[in-house]
Amino acid sequence: MVTKSENRRSFGVLNKLSHVALAVWAILIIYPLIFTFLAAFKNNTEIFIGNPFALPSEWDFGSFGRAWTEANVGQYFINSLVVVFFSTLGTMVLGAMAAYVLARYDFIGNRVIYFLFVAGLAFPVYLALTPLYIVVQELGLLGTHTGLILVYIAYSLPFTVFFLAAFFKTLPNAVAEAAMIDGASHTRLFFTVMMPMAKPGLISITIFNIIGQWNQYVLPVSLLPGGAEGQEKWLLTQGIASISTAAGYQADWPALFAALSIAIIPMIIVYTIFQRQIQSGLTAGAVK
Amino acid sequence: MRQGKYPFVIGFLIAPLALYAMFVLRPIAAAVQVSMTNWSGLSPNFDFVGLENFQKLIDDDKVWLAAKHHVFLLVTLPVITIALALFFAFLLNMGGGTRGGTMTGVWGSKFYRVVFFLPQVLAVVIVGVIFGRVYAPDGSGILNRFLELFGVDAVQWMADWGLWSILGVLVWQAVGFYVVLFAAGMSSIPAEIYEAAVMDGANRITIFFRVTIPLLMETVKVAWVYLGILAMDAFALVMVLSIDEGGPDGATTVLPVQIYKSGIRESDYGYASALGVALAVFTIIFAVLSLRGGKRDAVEH
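Note that the protein sequences, when read in sequence, are chains P and H.
Number 116 in this note's numbering belongs to position 116 of the first sequence; there are no gaps in the numbering.
Number 1232 in this note's numbering belongs to position 232 of the second sequence; there are no gaps in the numbering.
Hints listed in this document are in silico derivations from the structure and should not be mistaken for laboratory results.
Remember, predicted model here, so these are calculated numbers, not experimental data.
Ideal Cβ placement from N, Cα and C applies to all residues, glycine included.
Keep in mind that the hints are not guaranteed to be accurate.
As the list claims (entries may be wrong) - Derived CB-CB ranges, DEER-like:
{"id": "1", "chain 1": "H", "residue 1": "Asp1160", "chain 2": "P", "residue 2": "Asn51", "range": "41 to 49 Å"}
{"id": "2", "chain 1": "P", "residue 1": "Trp59", "chain 2": "H", "residue 2": "Ala1154", "range": "25 to 33 Å"}
{"id": "3", "chain 1": "H", "residue 1": "Thr1206", "chain 2": "P", "residue 2": "Ile181", "range": "55 to 63 Å"}
{"id": "4", "chain 1": "P", "residue 1": "Asn51", "chain 2": "H", "residue 2": "Gln1033", "range": "51 to 59 Å"}
{"id": "5", "chain 1": "P", "residue 1": "Ala178", "chain 2": "H", "residue 2": "Lys1005", "range": "31 to 39 Å"}
As the list claims (entries may be wrong) - In silico DSBU-like links for lysine-lysine, alpha-carbon gap of 35 Å or less:
{"id": "6", "chain 1": "H", "residue 1": "Lys1221", "chain 2": "P", "residue 2": "Lys169"}
{"id": "7", "chain 1": "P", "residue 1": "Lys16", "chain 2": "H", "residue 2": "Lys1068"}
{"id": "8", "chain 1": "H", "residue 1": "Lys1110", "chain 2": "P", "residue 2": "Lys16"}
{"id": "9", "chain 1": "P", "residue 1": "Lys199", "chain 2": "H", "residue 2": "Lys1221"}
{"id": "10", "chain 1": "H", "residue 1": "Lys1068", "chain 2": "H", "residue 2": "Lys1221"}
{"id": "11", "chain 1": "H", "residue 1": "Lys1261", "chain 2": "H", "residue 2": "Lys1110"}
{"id": "12", "chain 1": "H", "residue 1": "Lys1062", "chain 2": "H", "residue 2": "Lys1261"}
{"id": "13", "chain 1": "H", "residue 1": "Lys1261", "chain 2": "H", "residue 2": "Lys1221"}
{"id": "14", "chain 1": "H", "residue 1": "Lys1068", "chain 2": "P", "residue 2": "Lys199"}
{"id": "15", "chain 1": "H", "residue 1": "Lys1056", "chain 2": "H", "residue 2": "Lys1261"}
{"id": "16", "chain 1": "P", "residue 1": "Lys199", "chain 2": "H", "residue 2": "Lys1110"}
{"id": "17", "chain 1": "H", "residue 1": "Lys1110", "chain 2": "P", "residue 2": "Lys169"}
{"id": "18", "chain 1": "H", "residue 1": "Lys1062", "chain 2": "H", "residue 2": "Lys1221"}
{"id": "19", "chain 1": "P", "residue 1": "Lys169", "chain 2": "H", "residue 2": "Lys1261"}
{"id": "20", "chain 1": "P", "residue 1": "Lys169", "chain 2": "P", "residue 2": "Lys199"}
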């Protein structure tokens, strides 16, 4: 009897300790984000000398306006949306097409092409950074969104093809055969039969690509140089990195925190709504 | 039907393959070539210089510092992240003790899982800028203000503890991903195994070390490779967070930063490409070694 109740007591202590550990980590995650959001409403004095755990004395929304227009965050945000929309769309269309024929058609060179795509997974983007810069420059695409979109697609293909090829292989043959007997062409079979069947895999990898491309930093910072004209083309990540170094000189810290809030709040909202899909989409690669 | 197969296959492959060859394969091949030239980018002329760039690389103190930092991150980042993630995942899945013979998660485990994973969807650069305020050296830094509550003097985080501070951000962002990954692995372990262990009188700590971890070994190895690749990067954090982009005096520099600086900023294409080749070789050796280690253990398992 004694051992049993002692056992139960140690369980109780353990339970409390687990809660403490989990709560501490949760606070470590949330607090810097809340601080960022609150600091957008504070003034410089409050941010630097005031209590970092306090609420702003006045809820001044002006910093958001300054960040959006004067610091160009609005422009960067829209640029990011445009680039990620087209690059993810392109990645999914081209990736699905390549993955599909590689997974389901026997032809000479199939293995070689598949291997070429998958080999891309092993090379860090930094290996080819300088030559990539030169290639983009030679094509006259340096400093353009078109160039960046094409590069995003190319660098997203290895994982997309690898993942979707495995997925297309698992789809049943019977449906495809039935459609072929009905006289469907290869192209129609792909768009009307196989794509809908592959929907779960396509959703996972779309989420994976959207988040990966939205968060890209080294590619835009290398391929969209600054300058008076170039800066208009910047994406959100590089724009904010640049504002953060400038914030010290211009002494408009609330605007920097407003810019950060503008960048993270949409992500947090989207994540809260789609957290299940996002979690499985992002971990899909590791589970494979 | 055989008739139409090749036009279809070619039609579907041509665009992705062309794009991939143009922007990935060609630059990779060029990187190896250019690494043996003295091309500065400013002039159209350049000479083949053999392994001169690699000689320069070996003599470059910054490169050795960067390599040292990668080794440091390669050890600390996976160990700390995996340990924390395993611990949290276990608490979330089984911290609630046994109820009717089955293990249950602690109260609120759904909420924790959502919060822990959150940093994963934020851009590394943005996270870096936020942590710039956390690590601010004066009294305005969040961390220093917190330490002040305990009477600890302000710490010069990025000047004195640069690499550790960057490691802290990497861990902060990565843990949640592996919590979700491990939690999924743990929930796929059959309940009977736990029931049997509980019947044998095992407590939760014994179960964690004797049952859960051995059964999760495969997932842990995947995590190790992923975190190792992350340790080879760290570009965005070092660029926005450290003093002088990799400083002070190279104290936080990593190879991608050196590549970016010498290639994009200084147009020393030959040398930057040599650095790129070195990083790729480093990464591939790591991946091959960990995957090979993984395979041997899998056979024993």
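Right, here's what the structure says about each hint:
1. H:Asp1160 with P:Asn51: 41 to 49 Å: violated, 25 Å
2. P:Trp59 with H:Ala1154: 25 to 33 Å: Because 30 Å falls inside the window, the suggested range holds.
3. H:Thr1206 with P:Ile181: 55 to 63 Å: At roughly 59 Å between Cβ atoms, Ile181 (chain P) and Thr1206 (chain H) fall inside 55 to 63 Å, so the hint holds.
4. P:Asn51 with H:Gln1033: 51 to 59 Å: holds, 58 Å
5. P:Ala178 with H:Lys1005: 31 to 39 Å: violated, 18 Å
6. H:Lys1221 with P:Lys169: Holds - the C-alpha atoms of Lys169 (chain P) and Lys1221 (chain H) are around 26 Å apart, at most 35 Å.
7. P:Lys16 with H:Lys1068: violated, 40 Å
8. H:Lys1110 with P:Lys16: Cα-Cα ~17 Å, so holds.
9. P:Lys199 with H:Lys1221: holds, 29 Å
10. H:Lys1068 with H:Lys1221: holds, 23 Å
11. H:Lys1261 with H:Lys1110: violated, 43 Å
12. H:Lys1062 with H:Lys1261: holds, 12 Å
13. H:Lys1261 with H:Lys1221: holds, 33 Å
14. H:Lys1068 with P:Lys199: violated, 45 Å
15. H:Lys1056 with H:Lys1261: Holds, at about 16 Å.
16. P:Lys199 with H:Lys1110: With a Cα-Cα distance of about 26 Å, the restraint between Lys199 (chain P) and Lys1110 (chain H) holds, given a limit of 35 Å.
17. H:Lys1110 with P:Lys169: holds, 34 Å
18. H:Lys1062 with H:Lys1221: holds, 31 Å
19. P:Lys169 with H:Lys1261: At roughly 43 Å apart (the allowed maximum being 35 Å), Lys1261 (chain H) and Lys169 (chain P) break the hint.
20. P:Lys169 with P:Lys199: OK: Lys169 (chain P) and Lys199 (chain P) at ~14 Å, within 35 Å.
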